[in-house]
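**Q** Take a look at the letters that make up each chain.
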Amino acid sequence: MDFTRRDTLALGAGATAMALLPLSAVAQADPNAELVGAPDEFLAGADAGTGDLTLTAPEIAENGNTVPISIDAPGAVEVRVYALGNPTPGVAAFRFGPLAGSQAASTRIRLAGTQDVQAIAKMADGSYQTAMKTVKVTIGGCGG
Amino acid sequence: MAASAMLGTSGFGNWARLAAQQSLTQDQLLQFDTFGNVSLIHVTDIHAQLMPIYFREPSVNIGVGANRGAVPHVTGADFRKLYGIEDGSRSHYALSSGDFSALAQAYGKVGGMDRVATVVNAIRADRPDALLLDGGDTWHGSYTCYHSEGQDMVNVMNGLKPDAMTFHWEFTLGTDRVTELVEGLPFAALGQNIFDAEWDEPAELFKPYKFFERGGVKIAVIGQAFPYMPIANPSWMFPEYSFGIRDENMQAMVDEVRGQGAELVVCLSHNGFDVDKKMASKVTGIDVILTGHTHDALPEPVLVGETILIASGSNGKFVSRVDLDVRDGRMMGFRHKLIPIFSDVIAPDPEMATLIEEQRAPYKADLEEVIGQTDSLLYRRGNFNGSWDDLICDALLSEREADIAMSPGVRWGPSLIPGDDITREDIWNVTSMTYGEAYRTEMTGEFIKVILEDVADNIFNPDPYYQQGGDMVRIGGMGYRCDVTKPQGERISDMVLLSTGEAIDPAKNYVVAGWASVNEGTEGPQIWDVVESHIRKQGTVTIQPRDTVEVVGA
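Chains as they are written, first to last, in the working numbering: chain X, 1 to 144; chain F, 145 to 698.
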């Protein structure tokens with residue numbers, strides 16, 4: 001048996017590898033990662049406050065290779081998601097058109113280790129909102 | 145009960161005073177002035193203990209962050225002082241640590257599901273429509289449970305007629321067996337946080353809540369399974385399921401049942417006490433949380449906002465009775481009693497005693513075989529070590545010829561007192577599980593530290609939502625220092641190989657033996673066979689108190 005952290009995290013990946021990314025029909029995940037960039041690029045000097053934007057993610061990942069997250073951003077035109085501890089922090093961008101019934105989306109992301117996940121929403125009036133959640137990636141195995 | 149219009153009392157004081165006179169009767173122990181219009185009966189974390197046992201409560205149970213020094217992180221003499229419990233009394237013996245072996249001799253064993261049945265029947269005699277709720281960790285933890293794949297516990301619990309149940313270790317029976325058992329249950333299997341892993345949608349087999357009409361009150365019971373099952377236990381045994389705390393979904397469920405007219409909302413939880421405390425502060429509208437998982441026994445409810453939290457212990461040692469006055473769609477008051485199941489005071493229910501005997505009969509000779517004796521108190525509970533795990537680690541070191549041994553920091557497993565025989569049943573009570581293979585492998589010093597840091601953060605992370613509710617992994621053959629106030633990566637230091645006295649070298653490989661790996665394909669003999677072989681060679685076991693872990697910041 002092998003006790004490397006990577007192998008431990010890889011366990012269970014087979015169970016979820018077939019999962020589709022359940023994107024909201026009105027949102028598009030941006031295939032060009034460089035367009036997601038870093039939080040500073042998206043904010044372009046503006047400040048992000050808190051508001052109705054919610055980011056839902058597990059406190060402790062069941063599998064760091066495929067962590068389910070969802071965002072709900074009433075009134076947003078675009079939401080970007082960053083895994084701040086990953087080598088490439090930008091993980092997703094969702095754009096919502098004027099005909100979108102709701103501004104919500106879900107996907108699964110890969111986390112290199114315990115880190116903060118941040119969502120930033122650009123609102124219709126040009127202001128920004130942000131939400132943050134720490135997701136722990138652990139070896140596990142000793143819960144009683 | 146400030147900041148609330150609610151009135152509440154706990155009946156714990158009555159038997160505590162009587163107990164000092166050593167004349168406790170069953171009627172005195174069960175005395176309760178029926179109150180209000182609803183009664184809840186709570187049992188949890190029975191871990192398949194059908195028979196009376198000894199169970200020593202922890203002397204080390206450290207709280208961190210906002211929970212530092214708060215119950216249930218108060219032990220021994222401090223606990224007795226907090227609740228006004230006399231030293232040497234029955235309540236001292238049942239609820240706190242210290243002088244355990246002597247008090248166990250005086251006051252006898254605790255638990256036994258035939259005694260639990262007597263208590264449940266007595267409460268139902270007072271209030272025939274009382275709700276009986278099982279917080280889970282029921283189908284795990286004994287020789288008979290392992291060999292019958294949980295059937296013994298299902299049969300016995302069906303005899304007790306619960307109204308609902310939630311889950312944790314049950315899932316380590318594997319998805320197929322869990323499905324088979326749950327589909328046959330004559331009561332509700334609940335868990336608002338049990339999801340389909342592939343689709344991240346609520347699992348079909350487990351409902352989030354169930355409505356009951358009792359005493360003219362519309363009651364919603366919402367289930368909350370153990371959130372970290374695929375992390376703390378082997379996910380490959382139940383890959384179809386995902387869990388998590390999901391407090392946003394809990395709020396949605398509370399709102400949903402309130403919208404459907406629920407006048408009383410009860411959460412049957414396997415979160416662990418501190419997680420439930422935080423959840424009660426975030427989710428509004430829950431009246432009562434019946435807590436589980438962390439095995440705490442508290443003689444009074446803890447109030448968070450307008451939610452009361454009930455902690456009912458483990459291993460069949462306690463039953464909680466909570467009477468509630470629900471009027472005009474809200475909980476106006478409660479009366480509560482944590483009832484210790486003193487096996488010598490409570491008469492066994494004959495029907496249940498027969499049912500238990502039937503479950504044990506096929507295995508009787510194997511269960512009763514005496515493997516050795518103990519000169520020392522053998523117990524498990526405590527954040528860092530217990531003498532049972534010291535013995536298990538000794539067995540791993542010698543039987544598996546290892547430098548270092550690791551034993552999981554689980555909280556189940558009864559105690560034995562000096563002079564007791566150690567039977568095969570006793571060994572299984574502290575080792576039984578569906579992934580008990582004792583592995584033998586090499587790890588670098590650096591990786592051993594990574595494991596210790598990881599587990600320590602599961603206990604001492606200041607945010608309860610990041611805790612998994614177990615204790616620290618037990619280590620044999622190695623000493624270390626743990627500063628519980630530091631962040632992950634900085635808690636563990638001064639790791640020393642005890643056989644040589646040398647510091648652990650991060651780059652060097654060490655032979656490590658352990659058990660209960662969550663990894664699929666783990667190979668090795670079963671841990672109960674390893675321990676049995678070791679005890680047979682010892683004859684009589686003696687475990688001296690060890691100080692190989694230095695704890696800082698407690």
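Just to be clear, a hint being listed does not mean it is correct.
[Stated by the list, open to error] Distance condition first, Cα-Cα at most 27 angstroms in a straight line; then the derived DSS-like pairs of lysine-lysine:
| hint | chain 1 | residue 1 | chain 2 | residue 2 |
| --- | --- | --- | --- | --- |
| 1 | F | Lys422 | X | Lys133 |
| 2 | F | Lys630 | X | Lys133 |
| 3 | F | Lys354 | F | Lys422 |
| 4 | F | Lys351 | F | Lys362 |
| 5 | F | Lys351 | F | Lys422 |
| 6 | F | Lys681 | X | Lys133 |
| 7 | F | Lys681 | F | Lys508 |
| 8 | F | Lys305 | F | Lys354 |
| 9 | F | Lys362 | F | Lys426 |
Source of the hints: derived by calculation from the structure; they are not laboratory data.
**Q** State for each hint whether it applies.
**A** Consistency of the hints with the structure:
{"no.": "1", "hint": "F:Lys422 x X:Lys133", "verdict": "holds (16 angstroms)"}
{"no.": "2", "hint": "F:Lys630 x X:Lys133", "verdict": "holds (21 angstroms)"}
{"no.": "3", "hint": "F:Lys354 x F:Lys422", "verdict": "holds (23 angstroms)"}
{"no.": "4", "hint": "F:Lys351 x F:Lys362", "verdict": "holds (18 angstroms)"}
{"no.": "5", "hint": "F:Lys351 x F:Lys422", "verdict": "holds (23 angstroms)"}
{"no.": "6", "hint": "F:Lys681 x X:Lys133", "verdict": "violated (53 angstroms)"}
{"no.": "7", "hint": "F:Lys681 x F:Lys508", "verdict": "holds (24 angstroms)"}
{"no.": "8", "hint": "F:Lys305 x F:Lys354", "verdict": "holds (16 angstroms)"}
{"no.": "9", "hint": "F:Lys362 x F:Lys426", "verdict": "holds (24 angstroms)"}
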